[in-house]
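*Asks:* Using the sequences and the hints, build the whole thing.
Protein chains in written order, with this note's numbering: chain A, 1469 to 1806; chain B, 1469 to 1806; chain C, 1469 to 1806; chain D, 1469 to 1806.
Careful: at least some of the hints might be erroneous.
Where chains are identical, the list cannot tell them apart; a pair therefore holds if satisfied intra-copy or between any two copies.
Mimicking EDC-like on lysine to aspartate or glutamate, the simulated pairs with C-alpha atoms at most 16 angstroms apart in a straight line are [what the hints assert, rightly or not]:
| no. | residue 1 | residue 2 |
| --- | --- | --- |
| 1 | K1587 | D1627 |
| 2 | K1504 | E1544 |
| 3 | K1612 | E1576 |
Because the hints were derived from the structure by calculation, they are not lab data.
There are 4 protein chains.
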Amino acid sequence: MIVEMRTGASREEIDSIVQKVKSFGWDVQMNVGTEKTVVAILGSNTGQVSTDIFAVLPGVESVTRIMKPYKLSSREVKAQDSLVSINGIEIGGKRIIVMAGPCAVESEEQLAEVAKVVKAAGASIMRGGAFKPRTSPFGFQGLKKAGLELLAKVKEQFDIPVITEVLDSRDVNMVSEAADILQVGSRNMQNFTLLTAIGKSKRPVVLKRGFSCTVTEWLTAADYLLTEGNNQVILCERGIRTFEDSVRFSLDISSIPVIKKSSHLPVIVDPSHAAGHYSLVPAIAKAAIAAGADGLLIEVHPKPEEALVDGLQSLTPANFAKLMEELRLIAKSVGRYI
Amino acid sequence: MIVEMRTGASREEIDSIVQKVKSFGWDVQMNVGTEKTVVAILGSNTGQVSTDIFAVLPGVESVTRIMKPYKLSSREVKAQDSLVSINGIEIGGKRIIVMAGPCAVESEEQLAEVAKVVKAAGASIMRGGAFKPRTSPFGFQGLKKAGLELLAKVKEQFDIPVITEVLDSRDVNMVSEAADILQVGSRNMQNFTLLTAIGKSKRPVVLKRGFSCTVTEWLTAADYLLTEGNNQVILCERGIRTFEDSVRFSLDISSIPVIKKSSHLPVIVDPSHAAGHYSLVPAIAKAAIAAGADGLLIEVHPKPEEALVDGLQSLTPANFAKLMEELRLIAKSVGRYI
Amino acid sequence: MIVEMRTGASREEIDSIVQKVKSFGWDVQMNVGTEKTVVAILGSNTGQVSTDIFAVLPGVESVTRIMKPYKLSSREVKAQDSLVSINGIEIGGKRIIVMAGPCAVESEEQLAEVAKVVKAAGASIMRGGAFKPRTSPFGFQGLKKAGLELLAKVKEQFDIPVITEVLDSRDVNMVSEAADILQVGSRNMQNFTLLTAIGKSKRPVVLKRGFSCTVTEWLTAADYLLTEGNNQVILCERGIRTFEDSVRFSLDISSIPVIKKSSHLPVIVDPSHAAGHYSLVPAIAKAAIAAGADGLLIEVHPKPEEALVDGLQSLTPANFAKLMEELRLIAKSVGRYI
Amino acid sequence: MIVEMRTGASREEIDSIVQKVKSFGWDVQMNVGTEKTVVAILGSNTGQVSTDIFAVLPGVESVTRIMKPYKLSSREVKAQDSLVSINGIEIGGKRIIVMAGPCAVESEEQLAEVAKVVKAAGASIMRGGAFKPRTSPFGFQGLKKAGLELLAKVKEQFDIPVITEVLDSRDVNMVSEAADILQVGSRNMQNFTLLTAIGKSKRPVVLKRGFSCTVTEWLTAADYLLTEGNNQVILCERGIRTFEDSVRFSLDISSIPVIKKSSHLPVIVDPSHAAGHYSLVPAIAKAAIAAGADGLLIEVHPKPEEALVDGLQSLTPANFAKLMEELRLIAKSVGRYI
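*Replies:* Quick look at the structure:
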């Protein structure tokens, strides 16, 4: 951390900074310039302490963080890529993993039909929401427990792992019984009680990026899971909120190389929630693989025009199968496969 | 809702829209232009249905929502201003209500000292966090239950109502026993299980705006509380995330007149979390009252330089007392009082 | 500037940083931590040099700027508030200056009518656009030279100074003949050839904030004017682009105290372009004065429903007169007058 | 356009809307709902008229635009992809066009060295800035006219077309003599006098997206060029300003399929300015091609550590050559070639 003193800061003010630094067991190095004094704070865990603690002291102009606030998810702590393994399917390796299925579980027929087609097209994991976080209380909130039971049934029948969202820390155990991967939705990325509960559960988890959170905040949220001993963490970029209104969210394609540089965790991309429209999904999905993503989370619905939620962003089975063919070519061009 | 068909949409495509509209019991009016057909959907609750349901149908170019998605929080449902009453203190009336106190409850001494000074300066309600949502798992997470007990004790001793944040739906009852007003933090504005639990509790609640949520989404989240029969809802503007980096969040001053125009709910402003720096708090607080806010939520700490959380944005008791004097003048200039 | 080296950076890499620093005539101070080496660069004009110059060197992890990139507009260079004087009207002093008038000059009658009413209501300066930057080439582009002539005529007749926008560096002289204050629009805040031309002209200038520029970039743009010797610079906050869609732009109320803290230049606020709707203008205008703005720039049109441009955000003469009464009270409550 | 009246709007208010609509020669269709009247305005050029004209009328709640404001750049006006041809090099066809070179022209040696290596690696066009728009007046502003002369010389010597930025409408002719393609920078996307001058010049032009402009505004700006008869317009996505701070700008990958759907103009991508760091350029460049971009604009510098501008985002010749190999594979996987 770098503390910049105001022009004319007094000897006492500077001393009180030094004292505070020492109280954390850290070292200090003074840079007495002609105009300003700058104090460098040296210690291994300065990233985990708020800059406010120094910024509030008298005579301070500003405090700049040098160390990142996240730790366990960083490449500095673990240089090698982490692999997450689900029933023998490895995420984060050479193989691109595609998770596909409907936004919401609606019925056994719907789920079975999707399972069949997405598996045939080459998806490794099926998605389907039983608990649906909806912006309006008047929207369909999901089949909840009944939805979980359908997921468990179809998963068995088609021998395909499933991922589903968990909304409440109280439901972690119940959802874990039905699903192979827990999903933390964008609106819950900073729901720290939920993260802690999932961390303790040690279940594989997909942590979606909060739609207005920085990559740094996202990795810091991942630390909540890792610090509880849950190493099976997969990140999922799903678009951020910007001023652009031609899409629902702007997919932050740069976050993929940034994550790969800063973190050892695997990262997948959800083009469906970003685009908000099925016609834009293929281009974004292809870009994600080209940029280095380890997998995709794609919405597929047998009859999008009858979907209870998010039909507009769902691919038909035929379009999904076509996209998978295109993705195979892209994967190959970057030295990977599906 | 307005459905714009693609140029050259077929008779069958247009008919299928009409059929879908009828299935909701709504009326339709066709606008057959020279280039395009536009279908207007007429019904009283079209705002509560997703536009996707029509956008996904073949031949559709786009669907535009005319009715707002929120309902119970709207002025159209209730024209008159709502008042929320806490121990005889009315929020939403002529009196400006100031809630003040430390970001986090740290000790009985700290709390008692703050209670004394903020009450003396004219604050009506004391704030203090027992459960702290922190972006990093390595940060101070609050005194939790012990903090609630301290709040209850000091509240009794100084005869001042208190507001504190609740993070988890399981804690609603416990927090309600200690606090007069429940606070939903910015990161939980769309935590719908929490909103539903608080809605059922019927306790007065301050709903902070999600830092990346639109006013429309905020009012729709308020509907989650209102639909459970909880009418004691106070909105709180606390800044939104933008590209500007001289403040922690950009306080959206326009949201105040927008809310006053669109909703009957009272709205207060938290200048401390927006600014992130104590030196900016007075200007924002004054602007809020001038713009029509019904109250303020301000962080005050007896010794900001020793605060465990957010000391940088906390006012000292002396600065708070000075600000209260200035606010009284502003309040008077807009025909109100503190 | 603070240069953070990568873990394991070599002796040679660190030396090459030091050499580069010396080539600028600056000093260096080394902070050799247990994990990382951090190099502090000490010099009085490091803010004016790109961080890239060091960030690109081998072994560097990141470079952090401590000094701000702007200089002449900063309080560090000039501690005392700057006053801009137009025909004896001082901007930046105790008096709040209100500039009002139509978005676009349409006719002599329109202009004369506005001049009469805004002067009567207490405005000191009249605004009116002769050159209109329009997002679409099919929109009304202003009366151009004929508009300037009308402005000059009405200004004479009503003895009121005028402000008008200049779009092109070639027009600076021509516009200066008609107008007392030149206005640089939001889309031209970083049109550096225009800024340089206006800087050389030494005419009073209102520099609107780019709707997606930070306060730091805004003050750095002001440096373009100041460096040419033009000290008559007035800043104008007019809203920034965010995700919020209930207003045209989100007025950044915090920018006022931030500017007051960082710069000696006067700052005014344009509530009309931010709001985009006349009903929101009064609340924002009052907030601006309460927050410490030195003036306002408000759109007034005798018949908003017939305005050629931006009628929706224009106040009627009656509403403007009413607002001026309210603003007088607010001004008084913060120790100023109109 | 759809005009939504307020609940309880009077007969006269509705009539005045109809009258206004008729004055434009448009048709109207009334939708008299039980709660509200909605008026649909039907006409072929409603997209080119401001919604304000109706929104300002008494009794109106809101006005929603259905037709897009851009016209000449839209697929509705021209269904077939436009091709731009520069010395026989076609942009917008099956071949991916790579433009590469230094941010700023520094010397003949530098330019010649770059020309040699980028041509050898497969770039078709060389970039190099003679006029540099810099946020600070204290930064290097480019070699200006001398830079143009160097570009012309090296272009001849290496027989490679060049692209360079033009900052001022007065310079269009001079720049056109040296360069094959004019570049409009991000900060000038809405510099309408510059656009008009380039439109009149009929020279091939790359129109960079304003870093805070929507795709709709971008295409509307393109209309400024097209309406003057200049059809040689190439769009260039270069990242938008968001809250994310790990990159300089967030590349909006979705804009590529959105443009391909809405417009006939070719679109290329500048990964260098978006990323701000050379290490992120390859991933973004690959994603752009996978998403359907027609070309790339990449910064390459023989010695990035000595670059006068933007060295941090420049690739070395070796890294550029490596990237070109990877891009060839991606291009092939989407049925194109470089």
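*Asks:* Using 16 angstroms as the alpha carbon limit, work out where K1587 and D1627 are close: within a copy, between copies, both or neither.
*Replies:* Answer is within: at 10 angstroms inside a copy they meet the 16 angstroms cutoff, but 53 angstroms across does not.
*Asks:* When no copy is specified for K1504 and E1544, does a C-alpha distance of 16 angstroms or less occur within a copy, between copies, both, or neither?
*Replies:* The answer is between: 11 angstroms across copies meets 16 angstroms, while 32 angstroms in one copy does not.
*Asks:* Check K1612 against E1576 for me: Cα-Cα at most 16 angstroms, and say if that holds within a copy, between copies, both or neither.
*Replies:* Cα proximity of K1612 and E1576: one copy only (14 angstroms, versus 43 angstroms across).
Consistency note: the structure conflicts with none of the earlier hints.
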